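From just these sequences and the hints, can you work out the full model?
Protein sequences appear in the order of chains A and B.
The first sequence begins at 0 in numbering that gives the first Met the number 0 and counts up one residue at a time.
The second sequence begins at 0 in numbering that gives the first Met the number 0 and counts up one residue at a time.
Do not rely on the hints blindly, as some may be mistaken.
No distinction is drawn between identical chains; accordingly, a pair holds when it is met within one copy or between any pair of copies.
Unchecked claim - Derived lysine-lysine pairs resembling DSBU-like cross-links, with alpha carbons at most 30 Å apart: (1) Lys443 / Lys248; (2) Lys33 / Lys297; (3) Lys33 / Lys442; (4) Lys478 / Lys405.
Source of the hints: derived by calculation from the structure; they are not laboratory data.
Small disclaimer: the values here were computed from a predicted structure and weren't measured.
Number of protein chains: 2
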Amino acid sequence: MKKDSCAQTAQTKSEFEPKSLMADTAEGNHRLSKKEYERLLPDLRARLVQAQSALRQANFSVVIIISGVDGAGKGEVVQRLNEWLDPRGVDTQAFWQATDEERERPPYWRFWRTLPARGRLGIFVGSWYSQPLVDRVYGKTRNSHLDRALKRIADFERTLAEDGTLILKFALHLSKKDQRRRLRDLERNPETHWRVLPSDWKHHQLYDRFTQTAEKVIRQTHGPKTPWFVVEAANPRGRDITVGRLLLKSLQARLAQRRDEKPKKTSSRRPVEARKPGTNLLREVDLTQSLSDKKYRKQLGKYQGRLGRLIWAANARKISTVIVFEGWDAAGKGSAIRRLTEAMDPRLYRIIPTAAPNDEERAHHYLWRFWRHIPRAGLCTIFDRSWYGRLLVERVEGFARPEEWKRAYQEIKEFEEQLAESGIVVVKFWIHISKAEQLRRFKKRQEISYKRYKITEEDWRNRRQWGAYEQAVNEMVLKTSTESWSWTLVAGNDKRFARIQILKTLCLSLGRAL
Amino acid sequence: MKKDSCAQTAQTKSEFEPKSLMADTAEGNHRLSKKEYERLLPDLRARLVQAQSALRQANFSVVIIISGVDGAGKGEVVQRLNEWLDPRGVDTQAFWQATDEERERPPYWRFWRTLPARGRLGIFVGSWYSQPLVDRVYGKTRNSHLDRALKRIADFERTLAEDGTLILKFALHLSKKDQRRRLRDLERNPETHWRVLPSDWKHHQLYDRFTQTAEKVIRQTHGPKTPWFVVEAANPRGRDITVGRLLLKSLQARLAQRRDEKPKKTSSRRPVEARKPGTNLLREVDLTQSLSDKKYRKQLGKYQGRLGRLIWAANARKISTVIVFEGWDAAGKGSAIRRLTEAMDPRLYRIIPTAAPNDEERAHHYLWRFWRHIPRAGLCTIFDRSWYGRLLVERVEGFARPEEWKRAYQEIKEFEEQLAESGIVVVKFWIHISKAEQLRRFKKRQEISYKRYKITEEDWRNRRQWGAYEQAVNEMVLKTSTESWSWTLVAGNDKRFARIQILKTLCLSLGRAL
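Structural data, given as structure tokens:
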């Protein structure tokens with residue numbers, strides 16, 4: 000990247016960063032003497048630690064990306080930040096070669112798993128930017144690939160930012176001349192010789208190409224909530240102080256902002272919005288469909304056998320499956336799942352029941368806990384309730400604010416797109432029953448001793464919200480059905496019919512994918 | 000295994016299992032009719048669900064191993080348990096092929112990572128028994144290897160059991176004739192044909208060898224707290240009911256036992272035991288050792304350079320490093336760690352600061368959180384405080400009961416042995432300072448604004464316990480120093496001397512390993 004133009008970009012677009020500081024960055028640090036550095040440092044460190052201490056109590060995390068040309072001192076900056084901050088609140092992530100557990104999942108799985116929890120800072124040396132950038136510079140990919148990768152990055156960062164994550168991206172800049180000097184100096188000194196890798200000199204030869212591509216990357220992924228800061232790195236002291244001050248400023252600004260915000264309201268139920276006259280998909284489900292016991296037994300054997308074979312075939316071809324079960328309370332999710340798993344080798348599947356999140360999960364974006372459970376290549380994860388809870392219970396009960404659940408449509412679409420792109424078969428079931436059938440089942444459950452635990456006050460409360468849920472389900476199905484896979488609305492009043500419909504659908508989807 | 004002798008074994012040794020039930024197992028279930036099964040089932044299911052519900056509030060986890068000959072229906076039993084229990088409280092684990100993240104760590108890493116949390120059940124199909132057993136049957140290992148593996152298993156299970164884990168191991172038994180019949184039946188039916196793997200027939204040919212070895216395994220790893228139950232599997236209904244009833248009985252017995260126990264006392268400080276007249280290792284550390292600033296700078300550069308190269312060389316040879324830092328408050332752990340990391344590529348190391356455990360960690364054995372962070376091959380983990388907290392703060396503050404911290408000596412030894420066996424370099428530092436020096440540092444820290452956060456009331460409280468800590472440290476060092484690596488007691492009054500001592504020691508240990 001050319002320093003001036005990019006610094007300009009950052010200066011124009013970022014809301015966090017005062018002009019004077021940017022001027023510092025662009026010019027000031029050339030002149031930062033050791034004396035000046037030592038004068039500035041104690042105050043900066045004290046404030047950083049104070050801000051970090053406030054962060055610990057706050058409800059957001061900080062993602063810091065340190066990138067830039069080789070020799071600009073990325074490692075040193077990371078070092079410095081770890082020194083200035085309380086390291087107990089910092090996670091430094093370096094994306095070393097992907098492991099097979101990572102390679103066998105969508106590419107962003109490894110990034111999701113390393114995101115810092117609320118109250119913590121994550122420093123990333125190497126990040127979701129590295130691969131797209133390097134691949135393009137080395138000519139392994141075309142511009143169109145890069146564009147798509149940048150779109151994905153923008154989506155990812157927007158998702159995090161909207162969840163409250165403070166994102167700060169630093170591009171350390173060094174002129175080609177300075178880079179050459181720096182690499183030579185390191186090499187000449189026997190004690191730092193080891194720091195220079197062969198790839199560093201290779202990158203040096205590609206300097207122009209590299210900075211040109213980086214500039215494009217920065218331009219396309221810079222935004223008020225995902226700012227890039229271009230930092231001149233020729234003078235290490237100036238570089239470090241600048242990064243430290245930018246971090247401090249942004250952190251302080253965000254902390255102040257949080258204090259002004261009203262606390263999130265969770266108790267008040269928002270009134271259910273007026274029912275739209277449009278299609279009510281649930282009402283179109285023919286709940287009178289049923290299956291005789293004889294037919295059921297025959298088909299159960301047939302489709303279970305087929306499913307068992309398909310799941311093994313998928314395993315052999317390293318194709319993963321994600322099955323989502325949603326439905327009314329007592330719709331029969333559990334028993335339907337068992338009809339699937341009866342046919343599947345226990346080594347090939349995993350059931351993830353979705354209950355209230357634990358504190359580690361609560362400390363992350365709501366999708367984090369589901370990313371965790373995306374299966375490795377060739378395996379199957381069955382979600383008994385899922386990320387769609389955001390659009391169902393969290394919406395209806397007011398656990399998520401309207402702006403939160405509304406943006407979930409887009410977030411979920413992007414999430415599932417990533418699954419699809421990496422070849423995962425996603426099948427989603429909503430098991431539908433009538434309100435009357437639910438009541439019958441609730442009552443029956445209370446009569447059977449070993450099923451009594453299944454009925455709680457919550458179930459009755461949900462039932463009273465039937466209308467609100469009906470609307471939420473409708474919108475969910477309409478807005479999260481994509482071409483390649485849509486929701487299957489299962490006619491659940493007759494359990495036998497429902498189970499066969501599910502088995503059939505699943506076999507069909509797997510068959511198509513194989 | 001021969002049914003009779005093993006059933007006998009289980010009958011004699013297990014404390015949980017009433018004789019009548021074992022008689023059931025050995026003979027009764029041959030005759031269990033469908034009618035009888037359906038008569039017994041509702042009550043069993045209701046009780047199981049009740050017990051599981053009580054478990055959710057209890058402070059222990061349940062580990063269930065389902066093993067046995069092929070065709071005995073391991074998968075079916077797992078299926079059944081998942082059906083009878085509330086699946087939201089059950090984790091089913093199948094140890095599919097190890098991933099590289101698993102292969103690059105000590106073999107038990109993958110077992111530790113899948114252990115159920117307190118209040119939950121973990122069902123293991125395939126377990127720590129599979130590999131040693133199969134390797135021996137196929138002649139890949141000798142008897143002595145098997146013995147060593149069984150010793151490790153016994154240690155592992157003892158560790159879990161002492162932590163409160165309820166361990167139940169089921170060996171499903173089938174005669175050679177029954178096995179042949181079962182495999183043939185499955186193969187003949189086109190809908191279950193896929194269930195029979197080529198390896199199943201191969202195992203069948205090795206039936207005698209297999210059961211003979213299994214019998215040995217069972218005998219050597221059976222104990223009152225780690226019981227094996229041999230279950231006749233020729234009649235599936237009888238098999239399932241037996242497993243269900245044994246699980247229920249054991250669970251109920253444990254739950255009743257827990258209710259009788261007195262609550263764990265945490266508040267009362269035990270009096271410090273009388274100081275033993277033996278060696279006081281800490282007093283032998285020469286705290287007057289120091290280094291001039293000039294010498295320090297020279298040696299710092301030298302050893303940092305060397306360390307940087309060694310860490311890269313270790314990476315190239317896939318050798319991992321685990322560095323443990325313990326020491327008095329204000330001993331300079333943090334700054335010593337920084338002197339190491341300054342020399343290391345940030346992609347190669349990770350600092351794990353050990354603070355209070357989070358709720359996921361608290362729900363497991365105390366070593367679980369450290370197992371999590373064992374580095375992959377070629378990488379380095381630095382623990383800023385560690386598992387030794389069990390023998391230090393937890394002991395002195397009474398967070399761990401005497402029997403708990405006393406058995407930690409053995410647990411830690413076994414843990415570190417496993418690290419050593421898989422080629423990990425373990426280096427342990429206790430940074431020692433005098434009580435007077437600590438006071439000086441506390442006071443100084445309070446004067447420097449950005450260090451003030453480091454001094455808390457807890458530090459002063461710990462200081463008042465100096466004598467108790469001194470004794471604890473002494474015992475720790477004496478009892479957890481093994482031949483291959485011992486503790487390095489660092490003379491910390493002079494920070495410069497300490498840092499160089501640490502760097503030198505680390506370079507030496509790494510150098511020896513490479």
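Structure-based check of each hint:
For the identical chains of this complex, Lys443 and Lys248 are inter-copy neighbours only, at 28 Å across copies versus 61 Å inside a copy, given an alpha-carbon limit of 30 Å. Taking the closest pair of Cα atoms, Lys33 and Lys297 come within 30 Å of each other only across two copies (20 Å); inside a single copy the shortest separation is 83 Å, beyond that limit. In this homomeric assembly, Lys33 and Lys442 come within 30 Å of each other (Cα to Cα) only across copies, at 28 Å, whereas the closest approach inside a single copy is 78 Å. Taking the closest pair of Cα atoms, Lys478 and Lys405 come within 30 Å of each other only inside a single copy of the chain (11 Å); across copies the shortest separation is 59 Å, beyond that limit.
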